[in-house]
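Protein chains in written order, with my numbering: chain F, 1 to 111; chain A, 112 to 328.
Keep in mind the hints are simulated off the structure, nothing from the lab.
Careful, some of the hints might be misleading.
One side only, chain F facing chain A, incomplete, derived with CB under 7 angstroms [what the hints assert, rightly or not]: (1) Phe11; (2) Gly20; (3) Gly24; (4) Arg38; (5) Val39; (6) Arg42; (7) Gly44; (8) Thr45; (9) Ser48; (10) Asp56; (11) Val66; (12) Arg73; (13) Tyr74.
To give an idea of the chain F side of the interface with chain A (calculated C-beta under 10 angstroms), a few residues [as the list claims (entries may be wrong)]: (14) Arg33; (15) Leu50; (16) Arg72.
A virtual CB, placed ideally from N, CA and C, is assigned to each residue, including glycine.
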Amino acid sequence: MTKRTMQEATFLILTALAAGSQHGYGIIADVARISGGRVRLRAGTLYSALDRLRLDGLVRVDREEVVEGRLRRYYQLTPEGTTQLAAEAARFQANAATALARLGLAEGMAT
Amino acid sequence: MIGTADLERGYRRWLRWYPRTFRREHEAEVLGVLLAGAREGQRRPAPVECLDLLRGALSMRLRPRVPRTERAAVTAVRLMYLGAVLELVAAVTILATIGSVRSSMVQRSPGFTQAQWHAVVAGKLAPTALAAGIAAALWLWMAWANGRGHRWARILFALFFGVNAFGLGSGLAGGSALYARADLAAGTALCLVHLVAVAMLFDQDIRRIAGHRSSAG
Chain F
1 MTKRTMQEAT
11 FLILTALAAG
21 SQHGYGIIAD
31 VARISGGRVR
41 LRAGTLYSAL
51 DRLRLDGLVR
61 VDREEVVEGR
71 LRRYYQLTPE
81 GTTQLAAEAA
91 RFQANAATAL
101 ARLGLAEGMA
111 T
Chain A
112 MIGTADLERG
122 YRRWLRWYPR
132 TFRREHEAEV
142 LGVLLAGARE
152 GQRRPAPVEC
162 LDLLRGALSM
172 RLRPRVPRTE
182 RAAVTAVRLM
192 YLGAVLELVA
202 AVTILATIGS
212 VRSSMVQRSP
222 GFTQAQWHAV
232 VAGKLAPTAL
242 AAGIAAALWL
252 WMAWANGRGH
262 RWARILFALF
272 FGVNAFGLGS
282 GLAGGSALYA
292 RADLAAGTAL
302 CLVHLVAVAM
312 LFDQDIRRIA
322 GHRSSAG
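Work out the full structure, taking the sequences as your base and the hints as a guide.
This is the structure in structure tokens:
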């Protein structure tokens with residue numbers, strides 16, 4: 001059976017967590033940075049995605065902190081999350097390489 | 112400060128749409144993220160934020176709480192949504208074709224009276240459309256409950272299948288006079304969807320029993 005393609009927001013959230021654990025607002029800021037400002041997650045979308053990712057065992061809570069009286073919960077990738085992100089990134093990379101090669105834009109092919 | 116308090120109150124109001132279990136665990140955290148992302152001097156949640164919170168809340172309330180790795184269970188829940196759609200299509204079809212049913216009856220028997228037509232609507236068409244609507248609601252309820260992994264819902268869904276199959280079977284055994292061709296096709300399609308969904312729901316149990324049997328044999 002073919003695996004379902006990961007949505008871009010999910011891919012970017014997992015990518016934001018790939019370098020280490022982050023809290024909710026940190027993920028939103030990092031996703032905006034990674035996507036060059038193209039994807040701006042809102043809290044509802046982020047927590048809906050995090051809820052799904054936790055349920056699927058791709059993300060877990062790392063620790064909690066209280067900063068200026070507000071709760072911050074840090075999330076991190078699970079080993080399964082790391083594996084799935086790596087597989088998805090490799091798939092994107094292979095597809096992109098094929099597209100660029102066919103367009104004659106792959107590295108070393110442009111004149 | 113007053114502005115922040117107003118804004119916080121506004122966000123809390125929208126967070127009430129979320130399931131209670133989620134709010135208990137995450138409300139303070141989400142509120143912190145919302146306030147951190149608010150504009151300087153913002154006093155009310157922006158419409159786009161409200162829509163996003165509403166969408167997130169609805170998605171958490173409606174989507175199955177079954178991990179995607181449990182594919183059989185996820186498929187079963189999707190089939191239940193399909194069942195609901197089929198029932199709704201049936202109800203809408205009955206209501207939308209009432210006019211053509213009437214003209215076809217008048218064509219077949221020219222002496223067909225207004226009172227006879229009312230009797231057909233009240234005795235057959237309206238109850239059938241109503242039953243399809245109720246059945247759609249039942250399918251949706253079953254999808255919601257099974258999506259949350261309630262064990263009682265699996266059993267109830269299997270019983271619901273028994274009733275559905277018995278209804279279809281007894282109608283067929285009674286000479287199929289009750290069923291027009293379209294009725295029969297729709298009933299059979301729904302019964303098949305139901306059967307596959309039940310098999311998917313009990314997939315793990317079926318495999319476990321099969322595994323015991325093969326290891327015993």
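How the hints compare with the structure:
1. Phe11: violated (15 angstroms)
2. Gly20: With a minimum Cβ separation of about 18 angstroms from chain A (threshold 7 angstroms), the hint on Gly20 (chain F) is violated.
3. Gly24: At 4 angstroms from the nearest chain A Cβ, Gly24 (chain F) passes the 7 angstroms test, so the hint holds.
4. Arg38: For Arg38 (chain F), the interface hint is violated, since the closest Cβ of chain A sits about 17 angstroms away, which is over 7 angstroms.
5. Val39: violated (13 angstroms)
6. Arg42: holds (4 angstroms)
7. Gly44: holds (3 angstroms)
8. Thr45: holds (6 angstroms)
9. Ser48: Nearest chain A Cβ about 4 angstroms off; hint holds.
10. Asp56: Interface hint status for Asp56 (chain F): holds (5 angstroms vs cutoff 7 angstroms).
11. Val66: violated (9 angstroms)
12. Arg73: holds (5 angstroms)
13. Tyr74: At 10 angstroms from the nearest chain A Cβ, Tyr74 (chain F) fails the 7 angstroms test, so the hint is violated.
14. Arg33: violated (14 angstroms)
15. Leu50: holds (9 angstroms)
16. Arg72: holds (6 angstroms)
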